[in-house]
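If you're matching them up, the sequences are chains A and B in order. In terms of the numbering used here, the first sequence has 16 at position 16, counting the first letter as 1, and numbering is strictly consecutive. Here the numbering used here runs 113 ahead of the position in the second sequence, where the first position is 1.
It should be emphasised that the hints constitute simulated quantities derived from the structure, not laboratory data. By construction, the Cβ of each residue, glycine as well, lies at the ideal position given by its N, Cα and C atoms. Watch out, some of these pointers could steer you wrong.
Reference excerpt, derived from the structure (chain B facing chain A, CB under 7 Å, subset only) [unchecked claim]:
#1 121
#2 156
#3 159
#4 160
#5 184
#6 199
#7 210
#8 214
#9 216
#10 217
Listed below are the simulated DSS-like cross-link pairs for lysine-lysine, each with C-alpha atoms no more than 27 Å apart in a straight line [stated by the list, open to error]:
#11 71/A x 172/B
#12 95/A x 191/B
#13 170/B x 71/A
Quick look at which bits of chain A chain B covers, simulated, 3 or more residues with Cβ under 8 Å [what the hints assert, rightly or not]:
#14 10-24
#15 38-44
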Amino acid sequence: DVKVTQSSRYLVKRTGEKVFLECVQDMDHENMFWYRQDPGLGLRLIYFSYDVKMKEKGDIPEGYSVSREKKERFSLILESASTNQTSMYLCASRKGPNTGELFFGEGSRLTVL
Amino acid sequence: ILNVEQSPQSLHVQEGDSTNFTCSFPSSNFYALHWYRWETAKSPEALFVMTLNGDEKKKGRISATLNTKEGYSYLYIKGSQPEDSATYLCALDTGRRALTFGSGTRLQVQP
């Protein structure tokens, strides 16, 4: 069974804390993505990566950074969490560009107090 | 930022009703159109990936059609069941690596 695993389903952090969200896929996929989902706004792309150590900004990268040191792992980093980063974060992967469906993790719900 | 629009935003139907949702997108930026189903507490899962104008795909009671020239896709559910309750997302693939999602249609099917 193909799998995208996100490290934490629920997190509660304080304003100003550094937050790491980890995502691992076991499908040897080239492309990995981080989206956030907020009510009424759908999924918005934060960052994506098309190869190890490669990254591109999505539509809402401000306040986030990413790391892709290994092909199977894509990390989202909030350097200094703020309350407006309270959201559901979804990681996804697919084989390559223009290669069909995305496979998603179950999401990480982050609350920043 | 591309604008992918879905309507309605939410829908309540009775078990056995048939229903449909719309996804509209800028037709000039088309490579593929994806539909995903996202059930509460689960991962979004792909229903269809559509690439050809006039394409029609079917999976059980769920089907989808695509019009790339006018920039829309319809998702149909025949004889809705409570287990169809979910958020249905469409996403535009422009061939530039990342998908752009609509805001989703939340479907509630009452027994």
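Going down the list of hints, with the structure as the test:
1. 121: violated (13 Å)
2. 156: holds (4 Å)
3. 159: holds (4 Å)
4. 160: violated (9 Å)
5. 184: violated (17 Å)
6. 199: Because about 13 Å separates residue 199/B from the closest Cβ in chain A, which is outside the 7 Å limit, the hint is violated.
7. 210: holds (5 Å)
8. 214: holds (4 Å)
9. 216: With Cβ-Cβ at 4 Å, under 7 Å, it holds.
10. 217: holds (5 Å)
11. 71/A x 172/B: violated (33 Å)
12. 95/A x 191/B: violated (32 Å)
13. 170/B x 71/A: violated (33 Å)
14. 10-24: violated (count 0)
15. 38-44: Answer holds; 5 residues pass the 8 Å Cβ test.
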